[in-house]
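S.K.: In order, the protein sequences belong to chains U and L.
Here the first sequence is numbered in our numbering, starting from 1 and rising by one per residue.
Here the second sequence is numbered in our numbering, starting from 1001 and rising by one per residue.
Hints are computed from structural coordinates only; laboratory data are not their basis.
There may be inaccurate statements among the hints.
One-sided excerpt, in silico: chain L residues whose CB lies under 8 Å from chain U [as the list claims (entries may be wrong)]:
#1 A1035
#2 P1165
#3 T1174
#4 G1176
#5 Q1181
#6 T1184
#7 Q1190
#8 A1215
#9 E1219
#10 I1269
We put the beta carbon where it would ideally sit given N, CA and C, even for glycine.
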Amino acid sequence: MTQIIFDNVWKEYGAHIVLERINLTLDDHEFLAVIGPSGAGKTTFLRLLLSQEAPTRGRILIDGEPIAPEPTADRGVVFQRYSVFPHRTVLGNVMMGPQWAASPMLGRLFGARRRMVEERAMALLTRVGLAEHAEKYPAQLSGGMQQRLALAQALIMKPKVLLLDEPFGALDPGTRKQMHELVSELWEENAMTIVMVTHDLPEAFLLGTRVIAVERRRNDPQAPERFGATIVSDFEAKCAVARASRRFEAERARLRLSLVPQDSLSDDSLSAGGSSAAALVKD
Amino acid sequence: MRRIINYAPRPGVRVILAALPFVLLVGVYFLGSSARLAIDPADKLMPGFASFYASMVRLGTTIDIATKQYLLWWDTWLSLQRLFLGLGISALVGLVLGILVGFVPYLRATFEPFFAAFSLIPPLAVLPILFILFGLGELSKIVLIVFGIAPFITRDVMLRVASLPTEQIIKAQTLGASTWQMITGVILPQVMPRLIDSVRLSLGAAWLFVIAAEAITAEGGLGYRIFLVRRYLAMDVILPYVAWITLLAFLMDYALRKIAAVAYPWDRIKAA
Chain U
1 MTQIIFDNVW KEYGAHIVLE RINLTLDDHE FLAVIGPSGA GKTTFLRLLL SQEAPTRGRI
61 LIDGEPIAPE PTADRGVVFQ RYSVFPHRTV LGNVMMGPQW AASPMLGRLF GARRRMVEER
121 AMALLTRVGL AEHAEKYPAQ LSGGMQQRLA LAQALIMKPK VLLLDEPFGA LDPGTRKQMH
181 ELVSELWEEN AMTIVMVTHD LPEAFLLGTR VIAVERRRND PQAPERFGAT IVSDFEAKCA
241 VARASRRFEA ERARLRLSLV PQDSLSDDSL SAGGSSAAAL VKD
Chain L
1001 MRRIINYAPR PGVRVILAAL PFVLLVGVYF LGSSARLAID PADKLMPGFA SFYASMVRLG
1061 TTIDIATKQY LLWWDTWLSL QRLFLGLGIS ALVGLVLGIL VGFVPYLRAT FEPFFAAFSL
1121 IPPLAVLPIL FILFGLGELS KIVLIVFGIA PFITRDVMLR VASLPTEQII KAQTLGASTW
1181 QMITGVILPQ VMPRLIDSVR LSLGAAWLFV IAAEAITAEG GLGYRIFLVR RYLAMDVILP
1241 YVAWITLLAF LMDYALRKIA AVAYPWDRIK AA
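Make the full structure from the sequences, and use the hints.
M.R.: Below you can see the structure in the form of structure tokens.
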């Protein structure tokens, strides 16, 4: 269970107010999409959650505890660019987190423990479709593949919250569509909370279970920096009850299929049943 | 008629073009030298290639009476020893200081302006101080090289550390890395190719300091020999020595480039 609470959070740079009166309670296993015009403070919002910036006023709580003052392993992140390390191979990139956790001095594991981490990393790479590129360097991958690698690298740490900062902004439409599917599947499989910043409205409503818009509600033409942006609308795109019921239906469909004796089913009907169950979960 | 920048030579032509200036230089020298030798066979200013060869064979294969050494090899050994020690210490100091000062904000605020000022001190101007403090032996020569090159390498490494994207550092922290783990796992490997490059760029300066120090005081060394034989107008030694130093510098540069390519293959991929 992960609950994130923004309690009357303000962010100011000197006299310049970026965010004001941010109040938000985000329940477990939500997919929050943050939208808003450029320069409205979407990225600042994410940086606050990442502890890259500290709120000027107010506080942020994760599971009732104040957020750590620096980035920690309970919050994973994928940026638009530069999220992977160019000097490690694809496999090496994914293995970095677990190796750091297990070996404080060398940052490297050897022997059986290394093979265990390698297996986990390869399983994740297979999941995101990069298994055959494991020995390449990130610079040899396309933009979409690099983002998939960044996802795998973050997911291996099993973060409570995954933060995405316009992760598909630099991708072409086809790749972006594939990434949408992958991210929503990963979100369902890992049952984690995702906060995604985007400027793409359809994307926000496609992926998000909850969509908030961040914008300046008040504006003083003489002093535009006097008023910050705040949450101007909060929209429940896919309500939790409906999601829970759909999951339940999918589970029931799967169970019903498993009650039918295996040999009485032809391959066709099994795969058809399986895919319809999967489709129910996904949408 | 296309613009001149749109004409590119074919690979074969490229090799010929690259060799052309070298051939021209040697040719011009040969013509000048022959003309002068025709007038005065004992001309000292532009000796012929035969006397270069004779001097080098003499210096490389006969034992010098005063020092009991083969002078060419002995000079080379002494100079290279000074150069490698000086460059090695400079690279190490530059790497450690550059990473620490570039990465830790408090150290950066404290030392960055100091390093900026320090690197502007002309090293040759403090050479007398070094001679007074460390004597006329090897130590003051190596300190001179370090003094001249380490600040440059430090600042270069510092800039490289600063130019690493913030996203990478944040990402490393969300993967649970400590400061030490970030230095060894993220910063150091990405700084190393740049360090090798800045050592390559410092090679010229390092040779300058070696030769300058040897010119003033030494028992041997390539620079020492050049300045010693200047008194006898011995161009037949000076010119081959200059060519030899150039060749050594070129080989070092080439070796460093190859080392960087083999040890850090990802850096070349990124550049391409």
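S.K.: Decide, hint by hint, whether the structure agrees.
M.R.: Against the structure, the hints:
no. : hint  : in the structure
1   : A1035 : violated (57 Å)
2   : P1165 : holds (4 Å)
3   : T1174 : holds (5 Å)
4   : G1176 : holds (4 Å)
5   : Q1181 : holds (5 Å)
6   : T1184 : holds (6 Å)
7   : Q1190 : holds (5 Å)
8   : A1215 : violated (42 Å)
9   : E1219 : violated (45 Å)
10  : I1269 : holds (5 Å)
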